[in-house]
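S.K.: Fit chain B to the known structure of chain A by using the hints.
Chains as they are written, first to last, in the numbering used here: chain A, 395 to 562; chain B, 2 to 505.
Think of the hints as simulated: they come from the structure by calculation, not from any bench. Remember, predicted model here, so these are calculated numbers, not experimental data. Some clues are possibly wrong.
[As the list claims (entries may be wrong)] According to the in silico footprint, chain A covers these stretches of chain B (three or more CB under 8 Å from chain A): (1) 24-37; (2) 43-55; (3) 333-339; (4) 406-413.
Here a beta-carbon is modelled for each residue, glycine too, at the ideal position from N, C-alpha and C.
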Amino acid sequence: MNQTIKESGGTGPSHRNVEIGVAAFMALLAFIGIYGSIKVGIGWGAEGPLAGFFPFYVSLAVLISCAVNLTKIIKSPADGELFADWGQLRQVTSVVIPTAIYVALIPYIGIYVSSALLIALFMKWLGKYSWVVVIGISVLVPVLTFLMFEMWFLVPLPKGPLEVMLGY
Amino acid sequence: MLENIGNLFHGFAVVAQPFNLLLMVVGIVLGVIVGVLPGLGGANGVAILLPLTFSMSPTSAIIMLSCIYWGALFGGAITSILFNIPGEPWSVATTFDGYPMAQQGRAGEALTAAFTSSFVGALFAVIMITLVAPLVASFALRFGPAEIFSVYFLAFCSFVGLSKEPPFKTVASMMLGFGLGAVGLDQVTGQLRLTFGAEQLLNGFDFLIAVIGLFGIGEILLTMEEGLSFRGTVTKLNPTVVFKTWAELPRYWMVSLRSCLIGVWMGISPAGATPASFMSYGIAKRISKNGHKFGTGQIEGVIAPETAAHAAGTAALLPMISLGVPGSPTAAVLLGGLLIWGLQPGPLLFTEQKDFVWGLIASMYMGNLMGLLIVLTCVPLFAAILRIPFSVIAPVILVLCAIGAYTVHNNTFDVVMMLVFGVAGYFLKKCDYPLAPLVLAIVLGDKAEEAFRQSLLASQGGLGVFWSNGLVSTIMTLGLIALFWPIIQAGWTRLRSGKLRPAQ
Numbered sequence: 395m396n397q398t399i400k401e402s403g404g405t406g407p408s409h410r411n412v413e414i415g416v417a418a419f420m421a422l423l424a425f426i427g428i429y430g431s432i433k434v435g436i437g438w439g440a441e442g443p444l445a446g447f448f449p450f451y452v453s454l455a456v457l458i459s460c461a462v463n464l465t466k467i468i469k470s471p472a473d474g475e476l477f478a479d480w481g482q483l484r485q486v487t488s489v490v491i492p493t494a495i496y497v498a499l500i501p502y503i504g505i506y507v508s509s510a511l512l513i514a515l516f517m518k519w520l521g522k523y524s525w526v527v528v529i530g531i532s533v534l535v536p537v538l539t540f541l542m543f544e545m546w547f548l549v550p551l552p553k554g555p556l557e558v559m560l561g562y
Numbered sequence: 002m003l004e005n006i007g008n009l010f011h012g013f014a015v016v017a018q019p020f021n022l023l024l025m026v027v028g029i030v031l032g033v034i035v036g037v038l039p040g041l042g043g044a045n046g047v048a049i050l051l052p053l054t055f056s057m058s059p060t061s062a063i064i065m066l067s068c069i070y071w072g073a074l075f076g077g078a079i080t081s082i083l084f085n086i087p088g089e090p091w092s093v094a095t096t097f098d099g100y101p102m103a104q105q106g107r108a109g110e111a112l113t114a115a116f117t118s119s120f121v122g123a124l125f126a127v128i129m130i131t132l133v134a135p136l137v138a139s140f141a142l143r144f145g146p147a148e149i150f151s152v153y154f155l156a157f158c159s160f161v162g163l164s165k166e167p168p169f170k171t172v173a174s175m176m177l178g179f180g181l182g183a184v185g186l187d188q189v190t191g192q193l194r195l196t197f198g199a200e201q202l203l204n205g206f207d208f209l210i211a212v213i214g215l216f217g218i219g220e221i222l223l224t225m226e227e228g229l230s231f232r233g234t235v236t237k238l239n240p241t242v243v244f245k246t247w248a249e250l251p252r253y254w255m256v257s258l259r260s261c262l263i264g265v266w267m268g269i270s271p272a273g274a275t276p277a278s279f280m281s282y283g284i285a286k287r288i289s290k291n292g293h294k295f296g297t298g299q300i301e302g303v304i305a306p307e308t309a310a311h312a313a314g315t316a317a318l319l320p321m322i323s324l325g326v327p328g329s330p331t332a333a334v335l336l337g338g339l340l341i342w343g344l345q346p347g348p349l350l351f352t353e354q355k356d357f358v359w360g361l362i363a364s365m366y367m368g369n370l371m372g373l374l375i376v377l378t379c380v381p382l383f384a385a386i387l388r389i390p391f392s393v394i395a396p397v398i399l400v401l402c403a404i405g406a407y408t409v410h411n412n413t414f415d416v417v418m419m420l421v422f423g424v425a426g427y428f429l430k431k432c433d434y435p436l437a438p439l440v441l442a443i444v445l446g447d448k449a450e451e452a453f454r455q456s457l458l459a460s461q462g463g464l465g466v467f468w469s470n471g472l473v474s475t476i477m478t479l480g481l482i483a484l485f486w487p488i489i490q491a492g493w494t495r496l497r498s499g500k501l502r503p504a505q
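For reference, chain A alone in the conformation it holds in the complex (with noise of 0.2 Å):
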C-alpha cells in the first residue's frame, strides 16, 4: 500500500529478511499441501479428477511463485530498509500476546470474564486509566455484548463457571 518513508533512527529487522521468510514459509505451505495431494491421489480415478488434483497443481503454483519471488529478492541489493523497528514490533507483541492467552482462556472461563479481563488489561497497561474507569468499561463492554447476543438477537456465546454461577 503506501510506502510510508521510515524516518527512524532505530534498528530492527530489514525488511529484506521478513520478506525472504514470509517466501519462505509460503513455500513450506505449499509443500504440505503438495505431499498432502500426492497422498489422496493426483491423478485421473473412476469419478474423474481424484481429491488430490485440483490442491496439487494450486500448491505448485504458490510454489512456482514463491521462487520467483525469492529470487527477485535475493537478486536485488539489500537496502537497508526496514520491516519495522524494535520499538515498533514491541507494541505489536504487546498486542499479539494479550490477544493469544485471551483466546487460549475463552474455552475455559468464557467469553464475557475474559474479555473483561483483556479489556482491563490494555486500559490499565497501555492506557495507564484510573482502576474506577477500567473496571467501569471492562464490566460494561462484557454486559453490554451479553443483553445483546445472547438476549437480543438470541445467539449463544461460549461461557464459564461465572455465568453457571448466575444462573445461565
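M.R.: Chain B alone, transformed into the frame defined by chain A:
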C-alpha cells in the same frame, strides 16, 4: 424491462416495512462506525455482524448487512478528511485534497462534496445494476460447468492484471487461498484431504474467519505499529455550507460522470474500490485545468476518488447477485451470508428469490439516500468516536472480532485460527501481498474446483473444453489477456519507445 420496474417497486414495498427501515438505519449507523474505526472495515465489519442476522429473514438480513456496507463506504471519508487517516483503503486518495481543505477551514465543504459524490457514484452504479443484472442473470442461466469455470478464471486473472502488487505475489496469495479452501472434505469424491488427521480441519478453513483475522486483527496490529494518535479538526456541518456546496457541485459534472464510469468498470472486474479511487484521482488530475493545484485542497480532488470508490463498491455487487462471483471481499462476505441463510447465489436468484433480489436492489437506492442524510446530519457524532483513545478501542475491537469468529460455527478453535490469520495478515500486508484474492479464493475455491472437474469429466481430461464454443473461448481468452496484462503492457511500452527513438 417493464416487468423489472414492477419488481423494483415491489422491492421498495418490501424495504418500506417499518422493521426493515429500522434495520436500515441500524445498519448504516453501525456501518459508519465500522468505517470510522481503524481495524474494522467493510468486509470484517459485515463478517462480525453476520451472526446477528441468523434469526432474521434473508431479505431483512441482506438489507441490514448491505446497509452496513454503504455506511462503511461513507464512513471512510470522514476520517480521511478530518484526521488525514483513511478509515478504509479506498479513501486514501480522498486524503490528498480532503485533508488540506479541512486544514484551510473548509472541512464542511469537503465533507459535503465527499458524501454527495459518494451518493452520486452509488446511484449511478445501482441504476446500472437495476438495468443490467437481470439481463446478465438470464444470460448466465444457460452456462454449463465450462462457462462457469471461465467466469471464475476471468475474475481471478483480472486480479493479477489489475492489482498494483507484483503479479507473482498476487498469484501466490490467490493460490494459497485456493489451497486453504481445498482443505477438508472434497465436495466431489467425499474424501478427506490435507487434514493430516486433525479433527478441527474436517470442515476446512472458513473464509469468514480468514476475513476477520486478516482484515480485523491484521489491521489492529498495523495500527499499533504506527502508534496512532488522532489529531484532527473539529467540525460542524451547517446547512448553509451544505447548500452552498451543492450549488457548486453541478459544475463538476464531467469529473463525476467520468469517475462513475471508472468506478463501475473497476467494480465489476474484481479490482475493486481502492484502485478505482486512485485511478479516478489520477485521471482527474491529468485532465483538469486545475490539475497542477491538486493536493492543495481542490474540491475536484475529493469528488473524483469518492465517486469512483462508491460506484465501484456498489457495482461489485452486480457479479455477486447475477453470477455468484463476488467483486470484492465485502461482496464475498455477503455471498457467504446468502449460503448461511440457505440461498443459492447465482443467476437462479432472479427467478426463484424475487423478493430477496429486488428487496436488495431497492435497499441500495434507499440505503444510500438514507446514508447521505445520516452522515450529513451526524458527522460530529461520528468524528467524536475517534476521540476515544486507542487503548480502549483496540481491546473492544479484538473482543468483537473474537465474538464474530466464534459465532460462525460456535467453535473456539476458530477463534485461535482468527489470531493466526491476523498475524499472517500483518506480515502479508507489510510484504505487499494482496489479501483480497486470498479471501475470494477461499470463498470460491470449492465452486471453481467443482466446475473445473465437471468440465474435465465431460471432456475426458482435455483442456479443449474451455475453447469448445464461442462464449467460453471469449471469456477464457479475456482471462488470459488479463493474466498476462503486465507482460503485454511492458512489451507494448518497449515497442513504442523502440519506434519513437529513431525518430528523435
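S.K.: A separate judgement is required for each hint: does it hold in the structure or not?
M.R.: Taking the hints in turn, this is what the structure says about them:
1. 24-37: The restraint on the region 24-37 of chain B is violated, since only 0 of its residues have a Cβ under 8 Å from chain A and three are required.
2. 43-55: holds (count 3)
3. 333-339: Violated: only 0 residues of the region 333-339 of chain B have a Cβ under 8 Å from chain A.
4. 406-413: Answer holds; 4 residues pass the 8 Å Cβ test.
Checked against the numbered hints listed earlier, the structure breaks hints 1, 3; every other hint is satisfied.
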